[in-house]
Amino acid sequence: MNLLNPVLTIIGYVLVGIGAFCQVVAGIGMNRFPNFFVRLHAATICTIGGSFVPIIGCSLIALSIEELGVTRFFLAGAGFVTAVFLLILAPVGSHLLAKAAYFSKAAVLHPKAVDLLEEDVERGEIRE
Amino acid sequence: MSDLYSLTPYVVLAVSALASTIAVYLAVTEKDLIKAVLYSAIQSTFYALIFYLLVVPDIVLVYIPVAVGLLPAILIIAVKKTEKYEDVGGVPRSTSIIVLLSVTVFTLIAGYLLVVSHAITFDVFPSPDARLLAKWFLATTLWWNRLFSSMSPEAVTAIVWDYRGLDTYFETSVMYLAIIGALAIARYLDIPRKEYREDVMGMSIIGKMSAKIIVPMIIIVAISIALHGHLTPGGGFQGGVTGAVTVSLLIFIFSVYFATRFFKINIAILLRIIGLAGIILSATIVAIIGFLIGQPAYIFQNQPKIIAQIGLPYEIGGNLISGTLLLFNTSEFLAVFMGFAILFLLLSIPEENVLEVIKGEVE
Amino acid sequence: MIDLRTYLFTVTYIAILVNTVIALYGIFVRPNILKKIIALSIFGDCTFVYAIIIGFRKAEPYPEIPIMITQQPSQEYIEHFVAKAVDPVPPALVLTGVVIGLAVMLFLIFLSIQTYRLFGTLDIRKIVKMRG
Amino acid sequence: MTVEYLVYFIPFYIVGLVLYILRALKGPTLPDMVLAIDCMGYVLAALLVIFSLYLRSPLIIACAIVLTLWIYALDVYMSKYLEKKELGE
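Residue numbers (the working numbering), protein chains in the order written: chain B, 1095 to 1222; chain P, 17 to 379; chain S, 7 to 138; chain R, 229 to 317.
Just so you know, these hints were derived from the structure itself, not from any lab. Among the hints, erroneous ones may be present.
Unchecked claim - The list that follows gives simulated cross-link-like pairs (lysine-lysine, DSS-like), each with its CA atoms no further than 30 Å apart:
1. S/Lys-42 to R/Lys-254
2. P/Lys-210 to P/Lys-224
3. R/Lys-254 to P/Lys-51
Bound-form chain B, shown alone:
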């Protein structure tokens, strides 16, 4: 275990660093993108790159700290559970929100080039 600890620490810090980068990028995108459906891309970067990756990284760092004793397994395990929940739940939440926002016309679709979904709905191939 002793030999593995530095490796785990370095991998963990790299993952946390990736997360920090993704957060700033997603934050800028969230403020600069023009409408709701484009902002969904920024939200994806935030949830997966910015939250899922650093949580895994923190769990790996926690596994390598032996001064925490047995409780480091608690930290790592709960971290992995959080990460799995986030990986399943965050995209589904975005999907439900986007669907509801599109069909209720709550989100303004301002700079629009083409809306294929609207044509499909008009032709009756897809219903709400």
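Using the hints, position chains P, S and R against chain B.
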């Protein structure tokens, strides 16, 4: 390095407090009610971070479901059922200024008294020393002497049930009465009987599939939070509220007709009564044992005391169970879980049925 | 020389005080019942933060949670624990407070939904003028 | 003592948090606000995990799981609010 290390949490505290102030201002001044609810959800999220950095994980575990989840959820439902905009025309300007001034004066006096009563000045804030009572509680959480200790490593749960059991008992009663009040308002109402049809009802297939995967996982997490209440942060209430999210997911993602396959209102009420009976049992079990053996014992007693020498075992086979704490957490989990299940089921009754019943009652 | 941490903590405290002022203003002035309930819940949260702040303490490098990690603690560990952990009494009080606040708030929301069904409005000034 | 280097990463997360708050407070439409609150919640979950490692108190991490769950639930509620269907259907 060391300075930076100890400074960072305080910086985050200050940032989140300031951000919450902006959110509160917008929540109170916004005319669109649903936006006001969302602003108050932002404020609650930041308060959760503040509680987290003030190292009280029990409060965070209770506060996140209550203030980020349940209250906004029920407020959103209420806004959907009632009116969406607030009409503020006609409030005179002088009235609001007078109210604002008096409220400011009151709050400043209260805040100053709070600082004075803690006997600290602004030079050392927060104070490095804890009160004597806190020291005693901390020193006796898991002590070698069972006559003084509650034999639980978690000080907060030990205080909640072992030292302040009567308070917790009446708190649960207030919760019970609130649900009974809601049931009384919704008397004569029942969920209409309809067949669940997968292609028409509920949300998209992606949402349904992920809910099928996630609901058992959530229930397992909730049970683990509840049953480890005497070892780690959490407890019966926290676990029950976490479990309540599954009910709301079933109702909102599938439909209420799908959810009633698993539990109806009457069954939920029955399970809730069983939970409350469990709480009463865990309050009186030592007294009952003492009565049967013929020795003195107290109600709400857990470990043996000096003049009442009987008590529940604090460990079974090397596993710490802390006497009645495990029993209390289990029953509280059942009671709270089913309480919120009843609430969500009541809220999902269609508005047309309700209006019909009310019309019949008024006439 | 004031410690920078004290300064930041005071900023937090004053921000919570400002929150209290705004929430109380909302309770007294805004006419909609649901708005009053939102402001009331914010006010309750602020009071909980005060209670927790009373129990917080300064420790080096940072205070610990009031939960023991080992199950057979030695005397030195207990002394270390008492010197570092935060006060466990305010969290226990606030736990009760949060639950009772939630119960009261739920009942109020149910009552306001029923009020809307009966009166057709949630504006407190209009409800006061109506009878029955 | 490897935990202390997390100090250099936490400010980036705070910057991201503040940027999301700006979007959540600006709006302009409801789904924008909900999406921003979503992102805020998930950043906060990451921050909670980082802080529990940073303060060396592993037991406080359970809050992150609960926060993730309820932020998702808020999504579901809001999309139910936006849909035109009756609540229970």
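Okay, the hints, checked on the actual structure:
1. S/Lys-42 to R/Lys-254: holds (23 Å)
2. P/Lys-210 to P/Lys-224: This hinted pair holds, its Cα atoms lying about 19 Å apart.
3. R/Lys-254 to P/Lys-51: holds (11 Å)
Violated hints are absent here; each numbered hint is respected by the structure.
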